[in-house]
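FYI, the working numbering numbers position 615 of the sequence shown as 688, with every residue one higher than the one before it.
For the record, the hints were derived by calculation from the structure and aren't laboratory data. Just so you know, even glycine gets a beta-carbon here, dropped at the ideal spot from N, CA and C. Please note that the accuracy of each hint is not assured.
Estimated spans, in silico, between C-beta atoms of each pair [claimed, not checked]:
#1 Gly350 / Gly471: 18 to 26 Å
#2 Asp269 / Arg751: 35 to 43 Å
#3 Gly220 / Ala733: 43 to 51 Å
#4 Gly445 / Gly247: 27 to 35 Å
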Amino acid sequence: MYRTGDRVRLRPDGQLAYLGRLDDQVKLRGYRIELGEVAARLAALPGVREATAAVRPGPSGDPLLVGYLVGERRDDVRARLAEALPAPLVPAAVVWLDRLPTLPNGKVDRSALPAPALGDGTSAALDGTAGTVATVWRELLGVPVTGADSDFLALGGDSLLAVRCATRLAAATGRPVRPGDLFAHPTVAALAAHLDGLAEGAEPVAEPAGPAPAGPAPLSAAQTRLWFLHRLDPADTSYLLAFAVRFATPLDPDRLARALRRVVDRHPALRTVFPSGPDGPVQHVRPAAGTAPVLAPADPGAPLDARLRRLAAGATRAPMDLAAGPLLRAHLVPDGTGRALALLLVVHHIVCDDWSFGVLVRDLAEAYDRAGDPAAAPDRPAVGPAAFAVAQRDWLAGPAGRRAVAEVLDEVRGAPDLLDPPTTPPRQGWTAPAAAPTRNTPPAGRPGDGSPPGAAPRTTLDAQDGPPPGAALRTTLDAATAGAARDLARAGRASLHMVGLAAFATLLGAATGRRDLLVGVAFAGRTSLAAEQSVGCHVNTLPLRLRPAPGRSFADLLAEARRVTLFAAAHQDVPFDLLVERLRPTRRPRRNPLVQVAFGVQNAPPARHRGAAGIEFTGVELTPDTARLDLTLWLDERRDGLEALWTYRTDLFDHDGVVAWHRRFGAVLGTAAADPRRSLADCADTAGE
74 MYRTGDRVRL RPDGQLAYLG RLDDQVKLRG YRIELGEVAA RLAALPGVRE ATAAVRPGPS
134 GDPLLVGYLV GERRDDVRAR LAEALPAPLV PAAVVWLDRL PTLPNGKVDR SALPAPALGD
194 GTSAALDGTA GTVATVWREL LGVPVTGADS DFLALGGDSL LAVRCATRLA AATGRPVRPG
254 DLFAHPTVAA LAAHLDGLAE GAEPVAEPAG PAPAGPAPLS AAQTRLWFLH RLDPADTSYL
314 LAFAVRFATP LDPDRLARAL RRVVDRHPAL RTVFPSGPDG PVQHVRPAAG TAPVLAPADP
374 GAPLDARLRR LAAGATRAPM DLAAGPLLRA HLVPDGTGRA LALLLVVHHI VCDDWSFGVL
434 VRDLAEAYDR AGDPAAAPDR PAVGPAAFAV AQRDWLAGPA GRRAVAEVLD EVRGAPDLLD
494 PPTTPPRQGW TAPAAAPTRN TPPAGRPGDG SPPGAAPRTT LDAQDGPPPG AALRTTLDAA
554 TAGAARDLAR AGRASLHMVG LAAFATLLGA ATGRRDLLVG VAFAGRTSLA AEQSVGCHVN
614 TLPLRLRPAP GRSFADLLAE ARRVTLFAAA HQDVPFDLLV ERLRPTRRPR RNPLVQVAFG
674 VQNAPPARHR GAAGIEFTGV ELTPDTARLD LTLWLDERRD GLEALWTYRT DLFDHDGVVA
734 WHRRFGAVLG TAAADPRRSL ADCADTAGE
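Please put together the full structure from these sequences, using the hints given.
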């Protein structure tokens, strides 16, 4: 007998095969982890009678995987698991108990499991700089770092984690640590030796030195672009983000409303408005007034996900007024008795991004716990977007910012700025140029945009007839292909993101005939602890330049993808809009400037949190129905392969055409992983078979 929440698959013989429970699946550092599988591995160890696994917050606030065992106590549990499981699936801590706490129905009561006593989680033999490196790795990667030969990539490190580690290490050591250092010196000992050889003096970063000034504040570069887009078309709703939070058990709606008010009070971004000032737009934080959720129509017979998607489709059609606000709407989805099953949040992108969603889920779960205590103290305010905007301007005006901008301009200058992959149906509404594509070289005599140092870039926008229509294809790459790609990444001292980017560039080069192209890659912009824990629009897209000439080997292109990814990660504070202003790329209606295609690997923190009362809050992904770029590919790591999300403009591509793109991408990835010495032409030919 199967129950709601069981995961099954249909076998060829028509029988259902049980795969586990949906509520036992978590996502840590890009990996989807079945807690039941980890518990089964623990229980199979010699001397273990019972076992379970759970996720608990670590010292830095990031979630850690913890194993709980009953039986004969041993010290080699993690070592034994490491022989059979990838590093991200090995518990960061093991807790031995006399018995597992249970609920009346006999299930393990995870809310009653004790917090692990992690100590510093590192080997006593690691001290000095090596100890600092190991501590930062353990906190951010969430796995044990027990020796000087512990390897960043083998422990699950990627380019995003490299940025966060570099920021923490720079703050801890006072030395100029770059993300690429973690790939060039991937072990604890090698990185520590490298850091010890550096002169003190960390590079200034674009992060607030203190709270924002009182009163109106300037906008960041990204906020400026979104403000101008809104001004051109106030009815445009394409930048409204819809996030849903589902609850493991129905909640008290009044207590949930109080929790939401606490979250809004904590995050200035959710109370920020953008009126016009004498010198242009400014941002202003309104006093805490709370946000009351609107009760959605009761429809207990319909599946919850279907209700959420219908509700989101309607809620994102109503425009928001950036000057008057509010820029957050909340809709409570009730069950048949009026208790809350889920909460839909609609937020304008000018104050929020995808990373923020995970922050909101965590804070909402914790606020719900405190909302039941009238004596609970107010939450500590988070850093707001105004403080980050001021910090960005100061950084751009300083030598470090000016140098970073110049380095990115040198990297991409001269690359073709329009990429036209074959579409299905063929492109409509414009004629391809007869001459060679215009390259993004500024006109003679125009060294820049004439703006004073540190000023927000002026945004030149093309008139568009509403947002491009879009759709999404969510599909998978099989476990064999995904495993081969991971093996290739390890062999090339690269990350899965870099391997996927090289395969995507190979496909684009073959489809367009281009040997020089730009692919947009979004960076979270969370390079400080304050930014990691705040709500706001920090995301920034940078153009990554790749040269997929047919005669190059895939290994050679992967090395280039590795270099440009690390370069971009180290320069992710350089605003995209400033690059557009300085480079003045070719502009066409309904085409994004500089980059028209993008690639990424999902690596934001998990939008899932269990409160102190044991109630789990889970984020629900809502498929977009607009496409800001022509074609975008997102990969998401799973234990059983890779999930791929393709978003595309429906006036340029149809469903079958995007399915073909996905099939070819998988073929390129598989061929390259089997023999990275093969030429890109061979990889592309295999994909076309």
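Verification of the supplied hints:
Under the hint 18 to 26 Å, the C-beta atoms of Gly350 and Gly471, about 25 Å apart, fit the expected range. At about 41 Å, the CB distance of Asp269 to Arg751 agrees with the hint of 35 to 43 Å. For the pair Gly220 and Ala733, the supplied restraint of 43 to 51 Å holds, since their beta-carbon distance comes to about 47 Å. At roughly 44 Å, the beta carbons of Gly445 and Gly247 sit outside the given window of 27 to 35 Å.
When held up to the earlier numbered hints, the structure conflicts with hint 4 and nothing else.
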